[in-house]
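K.L.:
Spelled out from the first residue to the last, the chains are:
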Amino acid sequence: MGHTSLEKIIALQRNPANIRNLCILAHVDHGKTTLADCLVASNGIISNRLAGKLRYLDSREDEQIRGITMKSSAISLLYAIGEKEYLLNLIDSPGHVDFSSEVSTAVRLCDGAIVVIDAVEGVCPQTQVVLRQAWLENIRPVLVVNKMDRLITELKLTSQEAYIHLQKILEQVNAVTGTLFTSKVLEERAEKEKEEKEEKESEASGGDQVYDWSAGLEETDDSHLYFSPDQGNVVFASAIDGWDSGMAQFAHIYSQRMGIRAEVLLKTLWGDFYLNAKAKKIMKGAQAKGKKPLFVQLVLDNIWSLYDAVVTRRDKEKVEKMVTSLGVKLMARDSRHSDPKVLLSAICSQWLPVSQAVLSMVCEKLPSPLDMAAERVEKLMSVGARRFDSLPKETQELKQAFLQCSSEENAPVIVFVSKMFAVDTKALPQNKQRPLTQEEIAQRRELARQRHADRLAANQQAENQDGHTHLGSMSQETQSVGDNTEIPLPICSRPPAFEDEGTKETFVAFARVYSGVVKRGQRMFVLGPKFDPTQALSMLSEGCSASDALPAVPHLSCCSMESLYLLMGRELEGLEEVPSGNILGIGGLEECVLKSATLSTSPACPPFTPLNFEAAAIVRVAIEPKHPSEMPKLVHGMRLLNQADPCAEVLIQETGEHVLVTAGEVHLQRCLDDLRDRFAKIEISASKPIIPFRETVVRPPKVDMVNEEVGKQQKVAIIHQVKEEVSQGRLSDTLHVDSSGLVTLTTPNRLATVAVRAIPLPQDVTRLLEDSSELIRTLEQLNMSLREGRRIDVSPRTLEAITELKSQLESLLQGRKWRNTVERIWAFGPRRYGPNILLNSVEGYHRPSVWQCLVKGERSGEAPVVRDFDNSIVSGFQLATLSGPMCEEPLMGVCFSVEQWDIQSSSEPQHQDSVEEDSASHEASGDGTSTAEGTSETSAQAEGITAGPSQAKRRTEAGSVDCYGPVSGQLIAAMKDACRHAFQAQPQRLMAAMYTCEIMATAEVLGRVYGVLGKREGRVLHEEMKEGTDMFIIKAILPVAESFGFADEIRKRTSGLASPQLVFSHWEVISSDPYWVPTTEEEYLHFGEKADSANQALKYMNAVRRRKGLYVEEKIVEHAEKQRTLSKNK
Amino acid sequence: MSIFTPTNQIRLTNVAVVRMKKGGKRFEIACYKNKVMSWRSGAEKDLDEVLQTNSVFVNVSKGQVAKKDDLSKAFGTDDLTEICKQILAKGELQVSDKERQSQLETMFRDIATIVAEKCVNPETKRPYTVSLIERAMKDIHYSVKANKSTKQQALEVIRQLKESMQIQRAHMRLRLVLPAKEGKRLKEKLKPLLKVVESEEFDEELEMVCLVDPGCFREIDELIRCETKGRGSLEVLSLKDVEEGDEKLE
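Chains P and C supply the protein sequences, listed in that same order. Taking UniProt numbering, the leading residue of the first sequence gets 1, the next gets one more, and so forth. Taking UniProt numbering, the leading residue of the second sequence gets 1, the next gets one more, and so forth.
Chain C extracted, bound-state conformation (with noise of 0.2 Å):
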């Protein structure tokens, strides 16, 4: 046991503490902080940036080496760097705060990119920007779930947005062709789903070209698969019935 004196001390500041659990031992390594993410990402690639010191601890904050013993027990090897390495690929840390703030900013953009790529304005049939509905779900005080996917928030936000903004699921063009005989009945079925029959022909083969939520698109799928035993169609004209081009305010 050395005996500790002030003079032999170093003091570490802005430490992120990275442990794993490993051949039934705790191990620890000191990093700096905001910097483990980097280099679990890839963008940091000096390891002296993220280490504060190369050794292994049992307890950073005792300041309590690990022995070599241990180490090459539960790693097979006494090369520290290669050690370290380990811990901050697999180990588990404690995410710093800009490091936080950083994935919830980048998921909330994320979100608001999915929205605006899935919505238009129902009244001009145009999206939204990007930039708009950040500003909506910023007014909603929308609060983004880390553990959440952002697709999953995405569809949340779009719920919720409705209220106060006129927004909508950009529609699905579906082409329907159902055979005559179960053409009738299956229609009356499918009408609550369809938003907008654009088209509509009845010689043969009932022919529907029509707007749907995409939402819905598995209920009448299943719908004409079972009810037609394969003999009806489905097809997707576009997945989004959105305006295209630049219009000119005239």
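The following block holds chain P by itself, in its conformation from the complex (with noise of 0.2 Å):
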């Protein structure tokens, strides 16, 4: 990049008319990275011979090995047309799905588009999405049909069969365009008396403002919308070949060669037009005629031409003839060249040269950003639902500046900020390494010589002091002095970030400015999603700017523009101030922007609307370190990756896994090559992520798995349970369990027994507990206070929530089964406010409820009184909860109801019923509550803890019964285990996490759509077509175990035409059993003795047990006799 240009382009960044901001969309690999190409070489950055093979804008790595690109970047090219001279902020995006993201990131930026559409292709997925992308950001696009040569070389067509396909990839991009445009003015119907209403008053309150409305009237006049050579917005071309036809260059060729007037053959040339020679007429209806079409005679004709001249026959004579009659020169290297499209790019480059025609269609057809048309401004400003009017008046005055995009001093700054990208440090300008000037030579050279100067000084000085680390250091100084390449720090002041010697990679803001000047070093307010401009405005004074002292805005800070940069590819140039209209790069903001950002000098500037991200998050991995001591490495790197990619997410799960969200297979392998090399820079693993699940029990089920009524089904399952407790050894004699689910547990010193029974909760109580988790946690709290005497102020609203709660429960706890459950409740759990109740039906303990804060003062005569031990029970309530017997998960909507609880004390051993007396022994023996609670437990398991300071009485009264440990330690595992087994004598079933899924498809993907999800044990709930256009949206439900994978399977089935999005909605009970083994002989008959047919629920709970080293009941060999007899290779 010469100085002179880059001189020149500061130069033309101060015209905003002679702006053109432009991105490049298409669907992957049809060429918009080798099209840019062409137009970078146009500017001499890279050779004409070169282009389209370097693919100058894909600058990483993997980009340049895979052929994809993975990141728009952008680059500022200058053309010339006559005495014009227009500078392109150009912006090339990936075309794979997996990268809409940066495409959404680069529309943002531009006023126009150029698409590009393969011309053997035609129109793929992504190129609708593109154009629904630019469409929804009011972009104007314009189309290049890329590839031409692929119709001759590979699909051989005649000129004539090329016209028409060429004709009909038009209408088929049209007809994308009319759907949208169809799909928006239904839309507005169903708003039309509100829109009109607007408008009205926008005109009203706009007064002397002058709103082109014809604009907006044009959009309904759809005409102007569609794409048409003879519109002029519509260009063939080669980029690999490097040639185009843009319809003006043919047109100004031809009127001069026939004397036909340019404007007739401009409007003439593409549509059925023909040439009657003799008349030297152009006539109309050629294919009734059966005549060729003006566009096949005198364009496509030419071209076909050359290349059988060139590419099929090699005929060099005509070659030469050719060259010679289109005024080309050429090298003699080029024609001597084996290869013929060596010889035939270098005569297409001089003759048709690709950027001519792009270049100059989109200097005419594409706006600047002087004619950003008012309704994408307001649609820009208006965040979410709010509409413009609402804005605050500062506000919507700062539309006339957006409309204006003023470079004046005085205008307010407006800059977006699309996206961070990582840059490597060393890659900026003012660490580069550059030729230095004569001057600066000078200087050093000066500063050398005195450097020596004191050197010597030094030395003479360090004969009598001792000065020897300062001669250390001075010496090293000179060393750097000497190293011509490096600048001496000082001159160059580096910004203190890049000191750092841990942090290799820079954020680089990637930014526009809408209106105003943006300078080096200025304060600006940098504008969260969520900030509102009326707030502000209210609580800052008139007039102020950044860089005064604030008081605290929400979403709302400061910071200083440290370094600008033009962005030309990889290049970076140190700018020193941008005027509006401008693409560029901003450094220095990663402390305060995240993702994207709206940096303003107004604080009564809004935010602008949030991206609109086609392709959403939703593969997901769990990433870990090689090396486990390299975790903070990871966290680091993770953090950097997050701000450095528009759509990746991380997060660290409570499991302590650290995820990865990202939106599509080849993003995610992009993600952890930068990880691995880039951000964390250590070895990583990503894996499938850790799936929960949960536990529950059901109702018996009234028929088994082949439909029959089910007569002794559960008395067999009951069997079934207790004889594995028998197999796996043991101890039964304190364990009884009797038909109808009721387990009775003594503890090991035959002192206490509990009974219990495990009843399923209702699906919507489960619903209301899980929801109102916050809530029960506060009325935990407010009990354990209450408990102890104290007395904490509640407020009012607070109770009101916990009395709505309490009526919930108690109006879906109803019939016979539940009657007075709701005041009899214990405890919740697990954690003490999970979705399980235990419940207390031990007939003469009256515990004061859970529901205790509510009544206040009223306590009846009967005293409630809390038992000795109450809490041991709880303790063993919240562990069994906490991890069922399925596969050690929490629990979920199961109900522990405490049926018999009976403490013998150990003095008296024949005393059946001294409960009341029991525990009043333990209230005189002085304030001897409980205080092991039940949570020390597992604890005590692991080292022996003996807790509770009741037992050191207890121990010395009676030393012969504690060789099995405290009472209360006892209690719980006593109560745990009988949940447990409680649990197992009901119908068991696991619960998985559900996704909602909603896809959008197109009707002839449905069916695979359909498929995939079926596959995946996924349920459809409802489709509906969307209005105006042949998009079907789908609603399903997935397992999150099934979703692994998903989004790239269902991509690859239906060729990337439907892309799902996965919201975690709900726990969903499994229906099968995991433990059904045929017991009836309708089930022997249909599935066997074995039974071995996939079991949905024994697949996962299998799953979850092996990875947690539980005992799965599996055949280590299956096959005794097939097991190789050789010992070795075993």
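Because the hints were derived from the structure by calculation, they are not lab data. Beta carbons are placed, not taken as given, at the ideal position from N, Cα and C, and that holds for glycine. Since no wrong hints were added, every one of them can be taken at face value.
On the chain C side, residues computed to face chain P include the following (Cβ under 10 Å):
1) 32
2) 34
3) 129
4) 130
5) 133
6) 150
7) 248
Listed below are the simulated PhoX-like cross-link pairs for lysine-lysine, each with C-alpha atoms no more than 25 Å apart in a straight line:
8) C:85 / P:1122
9) P:530 / C:248
10) P:168 / P:365
11) C:184 / C:229
12) C:248 / P:626
13) P:1122 / C:98
Simulated restraints, written as ranges between beta carbons of each label pair:
14) C:138 / P:798: 46 to 52 Å
15) C:193 / P:740: 45 to 51 Å
16) C:192 / P:798: 38 to 44 Å
17) C:102 / P:1030: 52 to 58 Å
18) P:529 / C:41: 53 to 59 Å
19) C:41 / P:1030: 55 to 61 Å
20) C:138 / P:1122: 28 to 34 Å
21) C:102 / P:777: 41 to 47 Å
22) C:205 / P:777: 23 to 29 Å
23) P:1118 / C:100: 16 to 22 Å
24) C:138 / P:455: 52 to 58 Å
Each of the two chains sits in its own frame; use the hints to bring them together as a complex.
P.N.:
In structure tokens form, the structure reads like this:
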């Protein structure tokens, strides 16, 4: 990049009328980057010869290797038509679905777009997506039909056929635009009345403002939206061979040759016209009369004959003739080259250089920043559902600044940052090595000389003083001065951030100035997405700026523009100031901007509407460092990655997993590479994330697996359970399970007995409990403080909420079985606020209910007494609900009803119902409330901790008893076991986490979407057609366990036409019983004795058990006879 | 004594011998390898998949079948299947390679799970995942001992892991209520045992909420119980002090 052109660019930046901000959009592999290459080559940044092969804007290594673009990158180009010089800020965008977030960031900053279409493949899924994106952002597209050479060399079409083919492609594109248009019109019709009103109002409020409402009206007239060569918004090109054919050029050429006016020719060149050679007139109706259309005759035929001569037949003489007739000068080495493509591109690039038509079309057809549509401004400025009119007046005035796009000093500065990208610190211009100017060299020489003198002086001094350290540092400095390529520190003071050796990556914001002039070092407001200008304006004084001390306004912060850059692909050029309408890079924002932000000098500016991402992040993986000690590095790296990628999300889950959420497999791969090589710089491994489950019980099913009435099913199940217990070698003499599912368990020292029954909770109750977990937690805290006799002032609102919860529970828990249950709730679990209930059904035990905070003062005569060891029972329940018997996952929706609880004092073992007395004696024994909360139990198991002060006394009283540990601990264990057994006595089920999955798909791939969903145990809830389009919206439910790889599969199967979005929705009971074995005759008949057909619940359960190292009922070897007999090579 | 000829020999391959001494005699049965443990755990239900042959031997490798008299004398029955089942259930056997491997593997996983449950990353107060712990255990070349309980081994592993990575036992959150008189004196004694004191209130009673290492729980409990003679109390607020909920890295 020469110095002169940089100056020129800076000069051109000041004239917004001659600036074009555009991006190149297309389906993957349609030739965006190649086209960009050609345009870059036109500026002499790369050689023409390399254009199309170099892929200059693909600066990442993996981009070059894979051959796909993965990030959007910008470059500024110059283009001159006649006297007029234009500055083009070109953004190349990726075409792969996974990176459509990058496209969104690019589209936001542009005013126009070049949509590239492969002439052979036509409209592809991503083409539709990018057209929609361009439409949604209100930017104007032009069309480039690329890879025309493939029509000639691969498909071997004749020029006539090619013409028809091209017509079809244009029709396809226009059809897509048409559907976008109709869907918008349909939407608008719904709000039509509102709209009209708004128009009137804004016109009235605008007053003297000049509104170009014709632009708005044009929107309703859809003719100009469509692509057609006679409109001048279509170019046929072959970027790889370096030619294109714009209508204007050909019209220009032939108007001279044939004496037909250029305007007429331009109108008739495309379409059903033919040339009457005799009359030298252009006539209509070529198709009807069987004549060649004008376009074929004048444009395509010429190109075809050139290809024929150069590539197909390699006719040297003819080529030479053509070359001279075209007036092209050929280099000798090109014509001698064995590959005809080289010759071809040499001819083409001079005859019809690709940049010519494309760039002139861009300059003519795409709007400059000055003609930004008012509608677009309003859309950008009105966040969420707020209408533009509802914004404060100061904000509405800013619209004018937008439309003027003025670069005056007093204009408010508005900048939008669409993404942050990481740059190697070394690549920044201030750190780059560059040749020194003459003065600099002289200056250095002077400095070095001075240093040398200093050193000599120091040396002399060192003889009498010990200045050794001083000397050492001095000599080092001189060394660095001697090194000619490095800039000595005193000359260039680097920003402090770069001196940090740890950070090798610097973030640069990818941004555009919408109004005003951004200067280096300027202070600006950073407006968060939730920032509200109304609020800020009321809080801030009039005319304050970002450099003042400010009161704290929510979502508002300040930053200074550390450095400004001109983006030149992988290069950055430092700038002092950037006027409005330009795309730029801003350094030093990494502290205050996460991914995207709005920067402004005026607090009245609203934050821009968030970018609309076509593909949401749905592919989740868990990431771990190879070496566990490198965890902090990983976390740091993931933070950086999160900032650098607009679409990636990173989070730490409660399980301690570091989860990375990306848009697709290719995106994931890129993120992992980035983490490995740039951000974390450690070895990492990605794996399937841990999938949570819940355990629950259900009512005994009425029918068996073959839909027959169940007779003895339940009994069989219990026998099965008991047998299992015995086979696992447990003591069963303290355990008794009766046929109704009541489990009675005695502690090992035979002192206490509990009887517990597990009851499934109705679904609504579970959901209610889950939703109000926060409330239950506060309730629990209240109760705890009440128990200790302390009083906490509770806000009436909380009390109200608790009353509400109680009444809701009461209304949900009705029927004979649940009578009075709400009053008897003992505790919630696990962790005291989970969706399980412990119920007090012990006769003669009235403990204060959990709702005691509601009844204040009105204590009845019979004061509820908390029994000794009450806590142990609760703790046992908490432990049991925290990890269930199936695979040690938490329980959900289970009610444990304690129906009997006897404690015998060890000193008087015969005394049967000494409950009250017993507890009283404990109370008498000095404050002996059991303090050992159940939670200490597991640690007690681990380390043999004995807990509970009351035990000390007991131990001294009856020392022989306690070979089993303290009573409280035993009771906890007994309660836990009783709960587990009671749970197992009921039909157990696994609950799986479910995603709701929204899929947008076109009609033709609907069947395949259903196929993928069906394969992964998904259920379709409903589907509907989006009005005005051929898209279907399908809503389905999918187990989280099956979601790994789901997005990728669905994209592959539908060739990218369906894009799913996954959101966690709820827990759902898996209907199959994991412990099911065939019991009835029909079942035997249907499933066979082994019944080893796929059992989804069993599959999940065993996977979890295996992961946790629990026992899995599985044979080590399936067939005894089929083992290898050799002792080696097992 | 029967005559051994090549024709009436039945050669057994893949033999695992299960032995049992009963009634002063030694009995053996011939089973398939890797199958006896499955039978004992109940996973294998088909006896034919476990036994090579139904007969009971005195010496399997020599092919000496046990005499009927001895059998009925020792077992009280001459039903061979019943005797085989008894020997299978109670006899001693050499654990075969795959059985041992799978047993060690499960124990290894179990240890890792326990460690992951008990420990946190001291920086983030979040647990490590099981797979990370497994990898760390492999890195320090921890070998599982089959005859020690997994919990014991897990505590050992935590100690060893501390040297190579940042890991610590998740702290317990305790609430201590001490009578005012002994409060000051006791606090000094407790101090070395407490990691973090989160809050402290001193009016009629000294009330403290603090984090401790679970290993010290017993000591603290003992101390409070003895020193205050039952007037102080100790309450566990949470067993593990960990961050809850998902956090977005930003």
